[in-house]
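Quick note, the sequence shown lines up with residues 15 to 260 if you use this note's numbering.
Just so you know, these hints were derived from the structure itself, not from any lab.
Warning: the hint list may mix true and false statements.
Ranges of calculated distance between the beta carbons of each label pair, as one might list FRET restraints [as the list claims (entries may be wrong)]:
| # | residue 1 | residue 2 | range |
| --- | --- | --- | --- |
| 1 | Q172 | N76 | 27 to 33 Å |
| 2 | G200 | A137 | 19 to 25 Å |
| 3 | R226 | V246 | 33 to 39 Å |
| 4 | R39 | S206 | 23 to 29 Å |
| 5 | A152 | T113 | 32 to 38 Å |
List of simulated lysine-lysine pairs, DSSO-like, C-alpha gap at most 27 Å [as the list claims (entries may be wrong)]:
| # | residue 1 | residue 2 |
| --- | --- | --- |
| 6 | K97 | K120 |
| 7 | K140 | K97 |
| 8 | K120 | K140 |
Note that this is a predicted model, so its numbers are computed, not measured.
Glycine is no exception: its CB is placed at the ideal position from the N, C-alpha and C atoms.
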Amino acid sequence: MPRVQSRIGVLFALFFLLLALAAARTLYLGVLRGAALRRDAHTQQVIVEEVPAQRGTITDRNGTVLAISEPADEVSADPYLVKNPLEAAVRLAPLLGDTQAALLAKLSERSGFVYLARALPEARAKALLARAQALEIAGLNATATMRRVYPGDTLAAQVLGVIGGEGHGLSGLEYADEALLRGRAGERRVVSAADGEPLSISDVHHEVPGARLALTLDANIQQRTEAVLSAVGSVFHPKDATAIVM
């Protein structure tokens, strides 16, 4: 009988010790670390994202579009969350327009962030994320951006110029009229659950699109002129060639 009472006493003491440790842990987390933990949770669950502004359209004198911006996404991944990089590379490479080997190398990096595609057309990005979700491939994310499209390909390329990876004009009118074309980005507040799924999205500041730029250039005349200059170059191989249209 005394042995049974001794065991009961030991079990009771052990239970009381565990209860005291749990209470101490609760006190530590709730009182001493409470403010810091709430701040960390808020930082992880509430994100202010930039909403890119649509860059202004450039047209010729007749309204033919020479340069326009379309919605796109920057697609990234956290390689640590991708459980089977090889399978993910095989399934997703066609949607990214990348080789399986190149995508596998990215998904195998010892890093928490890697770009899979820059300025991927919005429709392709949505198809990619839907495919990844259907295959239960975790770790992929998409951030909204804009991609610059030139419908005439190289038509008046030197006049129009180009923009860089950050969306700023680097040459031509894209650079000279940067302030007019770029617009102003907006901001939105995204509240996410613990699994990363958004619970609510609200606009903090609305984006302001860039201004439209209409040129005196005529796309049809420009195209025919460039074709003539190209033919002159192919036949006579001059050091330089200039055309004046009257």
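Looking only at beta-carbon atoms, does the pair A152, T113 fall within the given range of 32 to 38 Å? With a Cβ separation near 22 Å, A152 and T113 fall outside 32 to 38 Å, so the hint is violated.
Query - Consistency of beta-carbon spacing, V246 to R226, with hint 33 to 39 Å - result: Since the Cβ atoms of R226 and V246 sit about 34 Å apart, the hinted range of 33 to 39 Å holds.
Can you let me know if the beta-carbon spacing of G200 and A137 is within 19 to 25 Å? 22 Å, holds
- Query: Is the gap between the beta carbons of Q172 and N76 within 27 to 33 Å?
  - Reply: For N76 against Q172, whose Cβ atoms are near 20 Å apart, the range 27 to 33 Å is violated.
Item to check | Satisfaction of hint between K120 and K97, Cα-Cα up to 27 Å | outcome: 13 Å, holds
Query raised in the report: Keeping to a limit of 27 Å between CA atoms, is the pair of K140 and K97 held or broken?
Result: Status holds; Cα separation ~21 Å.
Confirm or reject the claim that R39 and S206 have a C-beta distance inside 23 to 29 Å. 27 Å, holds
Checklist entry - Regarding the pair K120 and K140, is the alpha-carbon distance no greater than 27 Å? => result The given pair, whose Cα atoms are some 20 Å apart, holds under the 27 Å limit.
The structure fails hints 1, 5 (numbered hints given earlier, in ascending order).
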